[in-house]
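Visitor: As given, the protein sequences belong to chains A and B, one line each in that order.
Quick note: the first sequence uses our numbering, first residue 1, plus one each step.
Quick note: the second sequence uses our numbering, first residue 1, plus one each step.
Just so you know, these hints were derived from the structure itself, not from any lab.
Take these hints with a grain of salt, some might be off.
[Claimed, not checked] As a list, the in silico SDA-like pairs of lysine to any residue whose alpha-carbon atoms are at most 25 angstroms apart:
#1 A:Lys347 x A:Leu16
#2 A:Lys198 x B:Leu9
#3 A:Lys211 x B:Arg153
#4 A:Lys198 x A:Ala87
#5 A:Lys185 x A:Pro142
#6 A:Lys198 x B:Pro87
#7 A:Lys198 x B:Gly82
#8 A:Lys198 x B:Arg153
#9 A:Lys211 x B:Leu9
#10 A:Lys211 x B:Asp94
#11 A:Lys185 x A:Gln593
#12 A:Lys347 x A:Met221
#13 A:Lys350 x A:Ala87
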Amino acid sequence: MTDALRMPRRDFVKALGGGVLVLVSLPPALTGAAPGPEQGRGYPTDVNAYLHIAEDGTVTLYSGKIEMGQGVVTSLSQMAAEELGVALGAMRIVMGDTATCPWDAGTWGSMTTRFFGPAVRAAAAQARLLLTDLASRRLGVPRAQLSVEEGVVFVTGHRDRRVTYGELARGQLITHTVDERAVLKAAREFAVMGRSPKRLDGAEKVTGAAKYAADIRLPGMLYARIVRPPAHGATPRGLDTSAAQAMAGVTVVNRDGLVAVLAPDPETAERALRLVRSEWDIPAPPFDTESVYDHLVQAAPNARTTESAGDLEAGRQGAARTFDVTYRHPYVAHAPMEPHVALAEPKDGKLTVWASTQSPFGLQGQIARATGLRVEDVRVITPYVGGGFGGKSSGPQGVEAARLALAAGRPVQVAWTRAEEFFYDTFDPAAVVRLISGIDAAGHITLWDYQVYGAGDRATEVFYDVPNKRVRIAGSWGGEGSGPAAGAARYHLFGVGPWRAPGANTNRFAAEQQVDAMAAAAGMDALEFRLRNTTDQRMLRVLRAVAEASGWRPGVAPRRESRGRGLACGIDAGSYVAHVAEVTVDRATGAVQVERVVCAQDMGIVVNPDGARMQMEGCVTMGLGYSLSEEVRFEGGRVDTASFATYPLPRFSWVPRIETVLVPNDALAPQGGGEPAIVCMGAVVANAIFDATGARMLRLPMTPERVLAEMRRV
Amino acid sequence: MRDTIRFRLNGAPVSLETDGTRTLLWVLRTDLELTGTKYGCGEGLCGSCTVLVDGRAVHSCQTPLAAVQGKDVTTIEGLARGGRLDPLQQAFHDEGALQCGYCTPGMILGARALLAANPHPTREQIVRGMEGHLCRCGAHQRIVAAIETASGRRGGRDD
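Kindly produce the complete structure, drawing on both the sequences and the hints.
Guide: The structure is reproduced here in structure tokens:
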């Protein structure tokens, strides 16, 4: 590839003025997905990060990632500052702007630190070498005799013979491309990584200065409200927009199925929308909240086998006891506090779109395809994102805003209402797991026949030592969910997509309850049973760590004392987690209060320990929701839980005492942190309920009614 | 219908010629361009739009503009005085009591009203007082700690 193609956009480089620009180019295997030819068009396909050192010594990292609360503004800055040898305070970061940042697939999958982190560290390490070379020439001293501290290069032992990065960056723009992996610092050398500075986005967020997509104001901008169907799959029968059209200041757009009212303020738009009369034909509901599980099994695509060993029949024959259990997980909403928003500004045949999205470059392509504009004529800028959790991986609101802005010839904001958010969300898919397992008389797992419908394969790998096993995956949250009868009876009636640790919550809910049930049937302590059945050293370490931190004492569940404790463990995004939960169950109402959760996590090198703990606490708290209350209720394409009144999220009074343990593993590069600690929450709460009551909760969420019903069956 | 609505906003007098039935949230966000006050649900169920009216926390999405006639309205932009963060803002920052930050302005103002009514609340009183505020990132434990810190019940960070 020529240098010209490797360069960022020319106008961007020009705008930088002087300074040192370092481009880092690492193989896709190190940084996650590579762009397809269409996706990355107009961008250097092998540049992952830019780092610019300005003449005033300010260092700016340009990253296509976005900040949605996970704290990467801070942790990426720490990584760059560490390897470059500058103070954290000298770092600036520009994220998610398609005009100035290198191409990136999207911010999801706990991949920013794991895969993008190495690119940032390599860029910074190489920049440090480049700058010390410049300093070597300036000071007339070989590089080996130079030291770097907080952006100052000095002759080792002679601090007065010095030159700053800023001074070195003065003059014409120097660009440098990094192709090989630079030598990175070891954990014991860290001065900025491995520490917990306050969040770099904290000050803006506590003062209200932080801008989200809905906070961008442009002169002459219009606010849109869009005519929506009452149910997914409904087709329009009649439409009358005349009353809305007659309102002062209101414009109606009706193009290619997109019908919207535009007004100078959101309330006028809302009033205009209420004047629109629309009629729809709604297809008969093929299934609903209760019958979806049968549908998922019947209409499932062919299964693929991801793991297989031994002989299942022999495992069955050799088992002292077998267990054949079916688990169910409903559709679950992302429900970020910030609904989907975009503001599109048309100018000179081009579009600039500010959007709440996890994938600015993906959205740029979507908008180009939908509008016929060239990709390079669409700029997507991502301000702070008010929560994503996977739900902002695609950006339909950005496409809507772009189409409406082009139609109106003015900037248009599309801000979904909470009801629209609950209707157009790409839910965590409903899923079914059937798990047949067996144990021998000594409490060893001899059989593991796992089949999941709808959730995909994440966190299904069998880390227990089972001689006879099979894991089969039929359908996923991703592309393979359309089923054999696609079109006639679709697998899902509304959008589904990635939801924090996609599919893993379903899979651990089933697997770790099954393990717990086997331990109880064997008359064994749940911890001892797990320790006996795995030799995975990382798993053993997190299990022992959580046991110690929680004060685990041997005992066999269920104790049926209305108070109970549970244990669960898993692997996700390269990290290992183990949880202990303590609950109380109200025998009269079935209400569950989670009193305490201890979570131990091995995530390799920890870039920012407090940031990692925040993510773990967030995972535990969010996990309470899918465990106890969250369920999208629906009848056919009609969503009946489109409000916080009908879709309850965890509240302050639900939140247990959360204790987090970071299990040291500095020999391993940083692993995922945004998702692993949520994947066991369903199982650990279910196992604690079992200990408290003897009731097995096989369906999520574990609402008081369901807990009461199961308690009565015990 | 045009009304003249006068009130104090973050300490300064404001006079608006507009329809008094309009919603405080949207007047703040559009006419006054104070975007720190967030839309979360429009139904008064999440607390993201919380502002202070005469020191009491209200859902601005449920408050008609006419209801603040002659009153004192404080938004998140008005909480820091003379460049100094309010102790709650400082405590939220220090404790890492936020992630995406979208619910944070409403949380801080809700907590400000709570502490105004009860300067030294117990943990239970904090939990009860903040129950109407939703946070999807799950920063609850740290938010409670931040409110305790700001109330003087807690000596700052543990670590």
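Visitor: A separate judgement is required for each hint: does it hold in the structure or not?
Guide: A quick look at each hint next to the structure:
1. A:Lys347 x A:Leu16: The hint holds at about 23 angstroms.
2. A:Lys198 x B:Leu9: Answer violated: Lys198 (chain A) to Leu9 (chain B) is near 31 angstroms, above 25 angstroms.
3. A:Lys211 x B:Arg153: Cα-Cα ~32 angstroms, so violated.
4. A:Lys198 x A:Ala87: holds (14 angstroms)
5. A:Lys185 x A:Pro142: holds (21 angstroms)
6. A:Lys198 x B:Pro87: The given pair, whose Cα atoms are some 16 angstroms apart, holds under the 25 angstroms limit.
7. A:Lys198 x B:Gly82: Between Lys198 (chain A) and Gly82 (chain B) the Cα gap is close to 22 angstroms, so the pair holds against 25 angstroms.
8. A:Lys198 x B:Arg153: Distance ~21 angstroms between Lys198 (chain A) and Arg153 (chain B) Cα, so the pair holds.
9. A:Lys211 x B:Leu9: With Cα atoms ~21 angstroms apart, Lys211 (chain A) and Leu9 (chain B) stay inside 25 angstroms; holds.
10. A:Lys211 x B:Asp94: Distance ~21 angstroms between Lys211 (chain A) and Asp94 (chain B) Cα, so the pair holds.
11. A:Lys185 x A:Gln593: violated (45 angstroms)
12. A:Lys347 x A:Met221: Roughly 13 angstroms between the alpha carbons, so the hint for Lys347 (chain A) and Met221 (chain A) holds.
13. A:Lys350 x A:Ala87: violated (39 angstroms)
Checked against the numbered hints listed earlier, the structure breaks hints 2, 3, 11 and 13; every other hint is satisfied.
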